[in-house]
Amino acid sequence: MRQPFIQITRLTKHFEMGGQVVRALDGVDLEIEEGTFTVVMGPSGSGKSTLLYLLGGLDRPTSGEIAIEGERLDQMDENALALFRRRTMGFVFQSFNLIPSMTALENVGFPMQFSGVAAAQRGERARGLLDQVGLGNRAGHRPTELSGGQQQRVAIARALVNDPKLVLADEPTGNLDTSSGSAIMHALSDLHKAGRTVLVVTHDPRMTRFATHKIFLLDGHVVSEAEYETAALEAMNVE
Amino acid sequence: MKFIDLLRLVAGNLTRRKARVALTAIGVVIGTAAVVVLVSLAIGLQQSANEQLYGIGDLSQIQVSPSYGGEGVVMGPGGGGGGFAPSDEVKLLTNSALEEFRAIPGVESVIPREYLMSGALMKFQKLESYVNIIGVGTNDVADLGDEAESGTTKLGRGTVVIGVSVPQSFYDPHARPGQEIPPPPEIFDQQVQMVVIKYDANGNEVRKNVALRVTGILKETRGESDWTVYMPLDQVKQFNEWSQNRRFNYNKDGYSMVIVKVSDVEQVIEIADQITAMGYQAFTPQSFLEGINNFFIVLQIIFGGVGAIALLVAAIGIANTMAMSILERTKEIGLMKAVGATNRDVLAIFLGEAAGIGFIGGLGGVLIGWLASQAINIIAAAFLAEQAGQQGGAPISMAVSTPLWLPIFALIFSTLVGMFSGLYPALRAATMIPVLALKYE
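Quick mapping for you: the protein sequence lines, in order, are chains F and L. Numbering of the first sequence is given in our numbering, commencing with residue 1 and proceeding in unit increments. Numbering of the second sequence is given in our numbering, commencing with residue 1001 and proceeding in unit increments.
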C-alpha cells in the first residue's frame, strides 16, 4: 500500500497548566497527501497550532506517531529534527519573525547560512525568490521599512529558500488587513499550484476557497465539517 | 554553518547593539589593560634588577670557601645551591680537595685564589692608589671568564693584568683642596711601582718595592674584577709569607678560596650542592639570581592576579549582557531553529558573540595597556635618570617592559574569558524548545 506523505497516528499533546492537565491534542489521526493544500480550522484552544508545531518538529508529542515521507519525527533527536526541518520544511508565522537588523534579502537568505551555502549563491537565490513574491525592488529594505503584507511575503520567500516539500503556515493572515491577507492567500495558493504541500492553520474562512482539504479541530479532536458548524452555531447561541 | 558566515553573523549581531557591547567591553578593557600594565611592570622590574645584578659574576662559576666548623656567618641567600656545611667538621681547601673538585663530572677547571694579606700601594708617576690584589692559580685570567680589552690576559712574573676601573682609583696624594682632579693615568704597557706594606713587632712600617708592568686591561664586567689587579698566585704567596712572617703550605692550610668553573651553566647549582655536601661552603651567583627571579615570578603572578580580578568582574558583566540579549532575542532563537539551525549552530553564535565582546575589550585593553606602559616608561626614565645622576651608578634603561607574548596572551585570555562567561547563557539559548521560544513574548 502506498504510504501517505504525512501520517499522524493517535497523536496526543498534554500540557500542565496551573496544576491542571490541558489536552491540546487528544488522539488525532490524520493522513495528508503530497501536493495538497490543507486548511486546519478551529476556535482558539482547539489545538490547531499545537498540531502545526508538532508537524513541524518544533515541539514533541506526549504520545502517538508523526511520519513525514515515512520518517518518524517523534523518534528523532534534536539534531536530526533540525536537519529534517532544514531539508523538508518552510515556516510562515503570524508575526512574520523577520530579523530586524537584516534587510529583506538577508532575511530570505538567512536559513541557507545553516546549510553552508556560499554567500554569492545565497544572494542570487534570495533575490530570485523576492522577485517571485513581487518584492525584487525592496531587497535592501529592513523589516521596519516594509508593510505587514510585504513582511509576510518576505517570510514566504524565506520559507521557500531551501526548496521545501512542505510549507507550514500558522495564522499567516492574522496580523494583516483584508487585502494584504488576500495577497498572502494567493501567494500560498501559488506554492500549492507549483507542486508543494501546503498546510495552513487559520481562523479566516476565506482561506478555505483555496484549500483542497479541510480539517476541523474541536477540543483536541478532529471533527467533521457538519459537527464543526453545529458547534460554531451553538457557540453563537450561547453568546 | 561555515566559519566565515558565523563570523559575519556574530559581527553583525554585535554591531547592532553597539552601546551595550561597548559598555560591557569597557570592563574587559580595564581588566586587560591592568593585566598588561602590571605584568609589564613586574617584568620591567625583573629586567632592571637583572641588569643591575649583571656584574654579580660569571654564572658558570662557583666560589668555594673552606669550612671551619661551627655556625657559619651567613654571607648571602642560599637559594637552591650553595650554603653551608651541615657538620662541624673543618674542611680546608687543600690541593687534595682541589683534586676532588676536578673529579666532579662537569667541572671545567678549578682555580685557587688568594688575596694579598697586607696593604699594597700602586704608584705611577705622581699618582698612587690602594688596590685590591688577587693572586690566581692559573697563568691566564681568561680561565676565570675574563676577556682582555687591551693587551693580554696572560699572567707572568713581574707583570699584572688589571680591571678596567683600576686606573680610575689613582689620585694625587699631594693635591691641595680645590685643585683639579687629575685624569686617570694611561698605565697600559707601563711600568708601575708596587709598595707592599707590613708592620713589624714594634709597630714600625716596613715597605717593599716591586716594579711591575701592566700587560693587560680586562673588559668591563661590572663586577669585582673591574677593580682588581691580578697576579700569579706564587707571587702573592711570597708577599703574604713576607708580610705574615710565616710559610704557607697549601697542602696543610689550604687556599682561602677556590673558583670552580663549570662547563654547562645548567649544572652549576647541582655541582654547588655536591660541593656543599662534601662539607665546603659553595656560593654561586646563580643561586642568588634564581632566588631573585623566583621572587619576580611570584610578583608577576600577584600583579597578573590583580588584573585577573578586574577581568573576573568584566566576565560577570559579559554573562549578564548575554543573558539579557538572549531573553530579548528568544523569538529569534526560535526562528533560527525553525529554519534549520542545530543546537550547535545556536551555541556557536552566542558563544561567538560573548567571545567577540571579550576580544573587542581585549584589543582595547592591550592598546591602552601598551600606551600606559610607554607613558610610565617615559616618566620613570626621566625620574630614574635624575636619581641615578644624584646617587651615581648606571640609570635603569626601562621601568616597564612588555614582551610580545604578553599582549598576545592577554588578547587570547580576554577572548576566552568572554567565551567562558557566555557559556551558560549560550547553552540556555541552544537548548530552548523551539515552540516555546517562538511563542515567547
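FYI, nobody ran anything at the bench for these hints, they're computed from the structure. The model shown is predicted, which means the values in this text are computed figures rather than measured ones. Just so you know, not all the hints are guaranteed correct.
So these bits of chain F aren't anywhere near chain L, every CB distance computed over 12 Å [as the list claims (entries may be wrong)]:
#: 1; residue: Gly18
#: 2; residue: Arg72
#: 3; residue: Glu106
#: 4; residue: Ala159
#: 5; residue: Val161
#: 6; residue: Ser180
Example chain F residues on the side facing chain L (calculated, C-beta under 10 Å, incomplete) [what the hints assert, rightly or not]:
#: 7; residue: Gly56
#: 8; residue: Arg60
#: 9; residue: Thr62
#: 10; residue: Ser63
#: 11; residue: Phe91
#: 12; residue: Phe110
#: 13; residue: Gly123
#: 14; residue: Arg125
#: 15; residue: Asn162
In this text, a Cβ means the ideal position worked out from N, Cα and C, and glycines have one as well.
Here is how each hint holds up against the structure:
no.	hint	verdict
1	Gly18	17 Å, holds
2	Arg72	18 Å, holds
3	Glu106	9 Å, violated
4	Ala159	8 Å, violated
5	Val161	8 Å, violated
6	Ser180	21 Å, holds
7	Gly56	7 Å, holds
8	Arg60	8 Å, holds
9	Thr62	13 Å, violated
10	Ser63	17 Å, violated
11	Phe91	5 Å, holds
12	Phe110	7 Å, holds
13	Gly123	13 Å, violated
14	Arg125	14 Å, violated
15	Asn162	7 Å, holds
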